[in-house]
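Take the sequences, apply the hints, and build the full model.
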Amino acid sequence: MLKLPIYLDNNATTPMDPRVLEAMTPYFLEDFGNAASRNHPFGWKAEEAVDYAREQVARLIGADPKEIIFTSGATEGDNLAIKGVYEMYASKGNHIITATTEHKAVLDTCKHIEKSGGEVTYLEVKADGLIDLKELEAAIKPTTILIAIMYANNEIGVIQPVREISAIAKKNGVLFFTDAVQAVGKIPVDVNKDGIDLMAFTAHKMYGPKGIGALYVRRKNPRVKVTAQMDGGGHERGMRSGTLNVPGIVGFGKACEICMNEMDVDTKRISILRDKLENELMKLEEAYINGSKEHRLPHVTNISFKHVEGEGLLMGFNKNIALSSGSACTSASLEPSYVLKALGLGDDLAHSSLRFGLGRFTTEEQIDYTVKAISETVLKLRDMSPLWEMYKEGIDLNSIEWAAH
Amino acid sequence: MAYSEKVIDHYQNPKNVGTLDKSDKSVGTGLVGAPECGDVMRLQIQVDETTGMITDAKFKTFGCGSAIASSSLATEWLKGKSIDEALTVDNMDFVEELNLPPVKIHCSVLAEDAIKAAINDYRVKNGKEAIKFEGSVVH
Numbered sequence: 001m002l003k004l005p006i007y008l009d010n011n012a013t014t015p016m017d018p019r020v021l022e023a024m025t026p027y028f029l030e031d032f033g034n035a036a037s038r039n040h041p042f043g044w045k046a047e048e049a050v051d052y053a054r055e056q057v058a059r060l061i062g063a064d065p066k067e068i069i070f071t072s073g074a075t076e077g078d079n080l081a082i083k084g085v086y087e088m089y090a091s092k093g094n095h096i097i098t099a100t101t102e103h104k105a106v107l108d109t110c111k112h113i114e115k116s117g118g119e120v121t122y123l124e125v126k127a128d129g130l131i132d133l134k135e136l137e138a139a140i141k142p143t144t145i146l147i148a149i150m151y152a153n154n155e156i157g158v159i160q161p162v163r164e165i166s167a168i169a170k171k172n173g174v175l176f177f178t179d180a181v182q183a184v185g186k187i188p189v190d191v192n193k194d195g196i197d198l199m200a201f202t203a204h205k206m207y208g209p210k211g212i213g214a215l216y217v218r219r220k221n222p223r224v225k226v227t228a229q230m231d232g233g234g235h236e237r238g239m240r241s242g243t244l245n246v247p248g249i250v251g252f253g254k255a256c257e258i259c260m261n262e263m264d265v266d267t268k269r270i271s272i273l274r275d276k277l278e279n280e281l282m283k284l285e286e287a288y289i290n291g292s293k294e295h296r297l298p299h300v301t302n303i304s305f306k307h308v309e310g311e312g313l314l315m316g317f318n319k320n321i322a323l324s325s326g327s328a329c330t331s332a333s334l335e336p337s338y339v340l341k342a343l344g345l346g347d348d349l350a351h352s353s354l355r356f357g358l359g360r361f362t363t364e365e366q367i368d369y370t371v372k373a374i375s376e377t378v379l380k381l382r383d384m385s386p387l388w389e390m391y392k393e394g395i396d397l398n399s400i401e402w403a404a405h
Numbered sequence: 001m002a003y004s005e006k007v008i009d010h011y012q013n014p015k016n017v018g019t020l021d022k023s024d025k026s027v028g029t030g031l032v033g034a035p036e037c038g039d040v041m042r043l044q045i046q047v048d049e050t051t052g053m054i055t056d057a058k059f060k061t062f063g064c065g066s067a068i069a070s071s072s073l074a075t076e077w078l079k080g081k082s083i084d085e086a087l088t089v090d091n092m093d094f095v096e097e098l099n100l101p102p103v104k105i106h107c108s109v110l111a112e113d114a115i116k117a118a119i120n121d122y123r124v125k126n127g128k129e130a131i132k133f134e135g136s137v138v139h
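In order, the protein sequence lines correspond to chains R and E.
By this note's numbering, the letter at position 339 of the first sequence is numbered 339, and the numbering carries on one by one without gaps.
By this note's numbering, the letter at position 106 of the second sequence is numbered 106, and the numbering carries on one by one without gaps.
Among the hints, erroneous ones may be present.
[To be verified] Below, in silico cross-link-like pairs of lysine-lysine (DSSO-like), each with a Cα-Cα straight-line distance of 30 Å or less:
#1 R:Lys380 <-> E:Lys79
#2 R:Lys104 <-> R:Lys225
#3 R:Lys193 <-> E:Lys25
#4 E:Lys6 <-> R:Lys276
#5 E:Lys6 <-> R:Lys3
#6 R:Lys380 <-> E:Lys81
#7 E:Lys125 <-> R:Lys392
#8 E:Lys6 <-> R:Lys380
#9 R:Lys392 <-> E:Lys22
#10 E:Lys15 <-> R:Lys319
#11 E:Lys6 <-> R:Lys319
#12 E:Lys15 <-> R:Lys380
#13 R:Lys210 <-> R:Lys111
#14 R:Lys372 <-> E:Lys128
#15 R:Lys372 <-> E:Lys15
#16 E:Lys25 <-> R:Lys45
#17 R:Lys380 <-> E:Lys22
#18 R:Lys283 <-> R:Lys126
#19 E:Lys25 <-> E:Lys128
#20 R:Lys319 <-> R:Lys104
#21 R:Lys115 <-> R:Lys104
#22 R:Lys225 <-> R:Lys141
Since the hints were made in silico from the structure, they are not lab data.
The following block contains the structure:
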């Protein structure tokens, strides 16, 4: 039996894997110790659990456990990496390069840097969502200290050419930070093969708990340091003070272990479902996939249904299917998705988009239901859309002088 | 965000979706909003020339649920009203009837503008001057 509502918003957050919860439970109850309590068994047990989880997390990304700094999540990781490098390497320079399609946690941190006297270059992306490597290279100056480019995009799932970016960074003696929230646990990420110096990721996008994440900070070739953004007991090699969230860390570790063991099987199954969803929805007229199809996460698709407004579309089924839209109406700003606009999409197509994030618990039955519900709603709303009527009559919508509102 | 029952009802069972012949002299058409803003409303009225009463109203809307509901409600309100009565419909009437939250006020403004635009279109077609509305964005 199909159980409603269906969850297809796994880029926002994932449900916890029951095995993760099971691993965490003892650390809320009997093993509640503070991992920094060095003088009694409660502390020892907590520390042991943290050490084990740190290894599980490190193994998933090919890192050394000492290179894992636990944080509250990727927003904190983004802040710590960018502000931490900016402060630590102030004597070397003050210029950071990032891209316009980054997550707000990166963009707003960069805005903060600009306010405090730093300089930031925001690279445009191509129509497929990828940055232009030549532009990246051209943007590097003697004062450049950091390149901050995400691994995979949260709205369109497009995977940046991380290895090429890191090679450019290395050649120019610049550090490379990547927000890999959407990629870690979903596709193979290896900090050494990928040449990553700093990397933020989080548990709740990979079937772990919310409120726990990590910043990978390279220790060798080169040894990277960041200035702590929180003062206190000097936890996490002095880079992130605060009592460790032991149950969260244990859950994060378990989530990483499961992803590592099951990634191949999961990816294969989920990408088949994603492709089915996409192929079926693309049978609708005037449907467009946003971003590169080739360089893309296996569980994500972002589709615009022309002449139908995204929020209106969601309303047709959002009691039963959980999805996101790039439409403006979901926010007070009335501006549609800046990521889609950065690809060069007109506001009309950006307003008409839906983001699908499949996951470990997505079933074929759910996909079939979703295809049917969305197709029906698109057709219904197009019957109601003056733009669709004009399009069908062959009227060029660009020729109309719209009353801007 | 949660929609009011009335918005959901209009969205699921929109009243008077359709198209009137815009070349007909007795039909007034108002097209307001812009695709870039995520809202386009087309409201049409059919007017009985002798009585000045609105005998039929149709809409098509590209937009969110609140925009669809506002235009659906507008057609319901307009039918059976005289042109003069129709001109008194205010955007706040939509806000109150549909319980629109502050971020959706623009949908109600659009609906009011659509009514005015349709009336002006009808007037101009029938040799009358367009009414100038203060602070309106109607073309």
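Structure versus earlier hints, numbers of those that do not hold, lowest first:
3, 4, 14 and 16
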